[in-house]
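Residue numbers (the working numbering), protein chains in the order written: chain A, 19 to 130; chain B, 260 to 372.
Incorrect hints may have been included.
To be clear about the criterion: a stretch of chain B counts as covered by chain A if any three or more of its residues have a C-beta under 8 Å from a C-beta of chain A, and this derived list gives those stretches [to be verified]:
| id | stretch |
| --- | --- |
| 1 | 267-274 |
| 2 | 307-317 |
| 3 | 333-347 |
Derived DSS-like pairs: lysine-lysine, alpha-carbon spacing no greater than 27 Å straight-line [as the list claims (entries may be wrong)]:
| id | chain 1 | residue 1 | chain 2 | residue 2 |
| --- | --- | --- | --- | --- |
| 4 | B | Lys272 | B | Lys316 |
| 5 | B | Lys272 | A | Lys44 |
| 6 | A | Lys74 | A | Lys44 |
| 7 | A | Lys44 | A | Lys87 |
| 8 | A | Lys87 | A | Lys74 |
| 9 | B | Lys316 | A | Lys88 |
Just so you know, the hints here were simulated from the structure itself, not pulled from any lab data.
Note that beta-carbon positions come from the ideal geometry of N, C-alpha and C, so glycine has one too.
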Amino acid sequence: SQQGEEDPQALSIQEGENATMNCSYKTSINNLQWYRQNSGRGLVHLILIRSNEREKHSGRLRVTLDTSKKSSSLLITASRAADTASYFCATDLGNTGNQFYFGTGTSLTVIP
Amino acid sequence: KAGVTQTPRYLIKTRGQQVTLSCSPISGHRSVSWYQQTPGQGLQFLFEYFSETQRNKGNFPGRFSGRQFSNSRSEMNVSTLELGDSALYLCASRGGTVTDTQYFGPGTRLTVL
């Protein structure tokens, strides 16, 4: 079964609004990463947050991590049409850290 | 630095054939991982190579194999292709430690007829 699951599966918002997507995972981790994928192409790395970090920012992106709840959230502020993509979280298995599992993804549509 | 490159980008094969996909990691990266992405199963980990050794393996049949060369370039081979092997195959490279970021290539789209 998947290590991670994103919620919601699909999200549709107007340009300028904020988009929040969540990721839950099952086991302890070393770090969690968020990726974006446009139309079945390669994945673009967005941000990495380590297990000892609680929040991280990168431009319009804000990621939080709650290891007690085994969950993370990705917030995209002031969304743009170009943000339309699928977003995935990826977690390692804490014991080895070298095997990554991806969630099911959130499909974000930003309407101009 | 150049990014992760994968060749070929598109491939069409028939059932029973075999296929080899290639991945060139970012210069200096020693870890290469392979993933299969399908609409039904999502992104699934195939295996990871580090310094020419397979370090981790996902839950795929033995028809899926790989190797890594001394220059860190990696190849993935699928023998006796099945229709269900049609997928986007993604390669990712990173430095090799647990806190390193993974960088993905554009993928190889394999269609099995």
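Do the hints match the structure? See the list:
no.: 1; hint: 267-274; verdict: violated (count 0)
no.: 2; hint: 307-317; verdict: holds (count 5)
no.: 3; hint: 333-347; verdict: violated (count 1)
no.: 4; hint: B:Lys272 x B:Lys316; verdict: holds, 25 Å
no.: 5; hint: B:Lys272 x A:Lys44; verdict: violated, 37 Å
no.: 6; hint: A:Lys74 x A:Lys44; verdict: holds, 21 Å
no.: 7; hint: A:Lys44 x A:Lys87; verdict: holds, 9 Å
no.: 8; hint: A:Lys87 x A:Lys74; verdict: holds, 17 Å
no.: 9; hint: B:Lys316 x A:Lys88; verdict: holds, 24 Å
In the structure shown, a violation is registered for the earlier hints numbered 1, 3 and 5, in ascending order.
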